[in-house]
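Please put together the full structure from these sequences, using the hints given.
Protein sequences, first through last, are from chains A and B.
So the first sequence is numbered by this note's numbering: it starts at 1 and just counts up by one.
So the second sequence is numbered by this note's numbering: it starts at 1001 and just counts up by one.
Hints listed in this document are in silico derivations from the structure and should not be mistaken for laboratory results.
Remember, it's a predicted structure, so these values are computed and weren't measured experimentally.
The beta carbon of each residue, even a glycine, is placed where N, CA and C say it ideally should be.
Selected chain B positions facing chain A (in silico; Cβ < 8 Å):
1) Gln1467
2) Gln1470
3) Gln1517
4) Val1525
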Amino acid sequence: MKFAVEKEKLAEVVQKVLNVVPVRSTLPVLSNFLLETNEKQVSLKATDLDVSMTANVEAAVSKKGALAVPARPFADLVRELPSGKIDVSSTEDRLDIKCKGGRYKISGIPAEDFPALPEVYMSKAVKLDGERLVRMIRKSLFAVSKDETRPALNGVLWHAEADKLLMVATDGHRLAKIEHAKTKIKRLTNDIIVPPKALDYFVRIFADYEGNIGVIFGESNLSFDFGDALLTTRLLEGPYPNYDQVIPKDNVNKLVVARDDFGQTVRRVAILSNALTHQIKLSLKGTSMELTATNFDIGGEARETLPANYSGKEMDIGYNASYLLDVVKQVDSDELIFELDTPTTAGVARPNRYEENEEYMFLLMPLRLMD
Amino acid sequence: MKNKIKVLPQNLVNKIAAGEVVERPASVVKELVENSLDAGAKSIFIELRAGGTRLIKVTDDGWGMSKEELLLSLERHSTSKISSVEDLFRISTFGFRGEALPAIASVSFFEIKSRDRESLFGHKVVVEGGELKSVKEEGLPIGTSVELRELFFNIPARRKFLKTVFTELKHCILLVTKFALANHEVAFKMTHEGRTIHELAQREKPEDRLFDIYGESLSQRMIPIPAPSDNSKRDFEIRGYLGNPEISRNSRNDIHLFVNRRQVSSRRLMHAIISAYGGTIERNRFPMAVIFIEIDPQKVDVNVHPTKNEVRFQDENALYDRLHLRCKQALQETEAVPSIAFEGVKEADVESESTQIRFERPAAKPVIEPIQRISREKQSDQVRKEVALKELYKPPEQTQREVERLEKKTPKPQEVTSELGTPDMWQFAGVYILAQVKDKLLVIDQHAAHERILFEEAFESFKRGGQVQQLLFPHTVELTLTEYQTYEQNSELLAKLGFISEPFGGKTVVVKGLPAQRGNPNPEVYFREILDDLQERLSAGEEKARALASAYACKSAVTAGTRLTTEEMNALFDRLFACREPHFCPHGRPTLVELPVEEFHKKFKRL
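This is how it looks when you write it as structure tokens:
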């Protein structure tokens, strides 16, 4: 393998793919990049067996080849190299990097030992608005379960119907659902469950791009085509729980509260809540609401009232403060609406107005109050 | 005075035999059900009261006995099952020693009714403590019914050794469950105090019975052991079902081993099964398994002990190897044993890496668990909780002195705050939290410490009610019979602790809320773990509330190997020292050790 490449361009690609290299792995080979050349390009590959990424950079290739090299030292080195052209060549198991006045060598592993990345049928790509995807992912990702014993909940459900794309995530305590009406995906016939890691990478990587992104729905993989980079993730196996069934349709007790005030108050009150359960109590009545919390370990007590518009049965309802704050963070209207039924059943939280073609809501299960 | 040697009277001989055969109600049930099965019964009804100590009644529809046979059956060493020494070496019936009935009759108020096919009416024989009281004719259906009351009424010593009703009942249930698994073509009904425990119809296939007993969710996760690929005749045939590793249990109680349909216990054969799972189940967890071994009766000796629980095999090693292999094959075929298959990654690499971990591979840099260095926030004031249940926090006797020693030496948390603004904390090896307190290094076992905290909190919850996180998706959990029993008996305390659940028909429970402290576990797994652990502790004789508190603490505490954040470590530290007894976990293991700085000075030859 032998090629010449602009340092700046290589560094950019290296940083992008470095995201995917696992920090710790029981398989040492995964802490490597695979460097590969074709006629005009060098491609850089990394995988953690769940998510893999390939990114290409233009180069003057004089001899084709491939070698896997330790990702972190290689990335550190490339970043620190002086600007301008660098020459890279390889022997059977060593990479040789030459720049103005400098020469660096690093041991590698034969390319055959690097895991093969899943095959992706680029021709089947569907164009989707990247910004839209980022927005939908952000609003659902936070609710994904981290408990590995329920694998289906460890991802975001993508569901397409008519001209709607829907994303749902839940951890069994809360649920996020967001849909966009003008997003038609014919190729997405079955629901898929996408692991959060890949979605997180997508959001991060997309920061460098704009416009449409190619999305490829494979048999057991999902890929994002950024043009010069390809991100692929394994999909999770279902079945996904029947989420529609648990969304209450006729919660009549309605609370309207200013989002920012509510968020700040919850944050303050939560400081003196139980360190593990973060329980805070909302007492709802007429034109104001009261938030209270206690922490026996430190003898803490918090109580604050805040103006609100409540129509419905007087009630005390407990919530995990961090769940409330997650919702506050995701709602982008100035007012937050809660639709409640009883202190032990699911409550709906939503913004007071939506952007065009978009609709989203969050479900929260209460923390039952004991007296 | 010299005692003359004499032959013992028959009644006394029977009582001595009873000592071997009849250990507890479950052993009586075992003998009676075996008799019923040997009599070709298609339906067996077992009634119990007070765990079988008050009443055991077994009714069958087998071929029954005539008056003469009935009376003879109560004589020692009378049996229809063998007639010559040769028969003894090829036993295919359950019973054969002819000891059981007379032995049982000698230690209870005993009544046996039977009618055979040839007779128009049956006979009822009443025996009290081994003495024949009456023989009467009676109109009866074909079959036999044995009823005994007040087991061990005349052996107070034995009666004293009986465990609680719950424990005795548990043994009976386990026993009947085993019978039911091995005899799917026989209908079983079992009641306790009039309440139905088992009601199992006749089934055509063994897997249908498996379904009846373990319910849908568990039985679906049982893997059949496939028929051997070659048809060559073997000395023994093995068939059965293995639970996949994810439904592992915390006791061996769900490993059912049958040799020629006889339930046997054999640690060695159990080992053959358990070891087939390799590392796929955690240490101290056990698989579920139902294994039937068919073997030529001449190659197995069941006459080892009167209870016939133990058997000896002519070639145990061969059987061990074969059983181990078949189990392993079955597990591998269904890929229950996970293996990573990724193109280009050599299988061997995966294995060696996962077993010996790190520092081995020259190509990769060694992966070192980063030590988390954390600067602690200012310590908050400790608020001591008022806990009345003082005696509960006593550590085990032998460590009492240790406690006093530690209490003298370990600084009180208040001192920590006032004299040390910002002690540092590290997590070490994913198991221990290291903290500097004055000039000492405190090493805290994160699991043990958390257990202590949750244990004390559980008692608070019993008094005031715990915080409950309601679940978005209510989970139905199909319990086994014993789990269900445990659930029912403790449902009130469970609810106080935060397990919001309701019976959902049969042995199914719907779980709607869980204690909020635990974070977000898999409700089904968590609920079952708690019940299993609770059951274990109850049968070890622990008091209810204490058993539940320990089960809850043990199953909810962070496990060794869990990485903790700064906040979590801080909270753990604070709350540990807010405990009544911070130095020991509920089982008496220490939660912390301290290393004075002098120790280090010595090591570094500064002193």
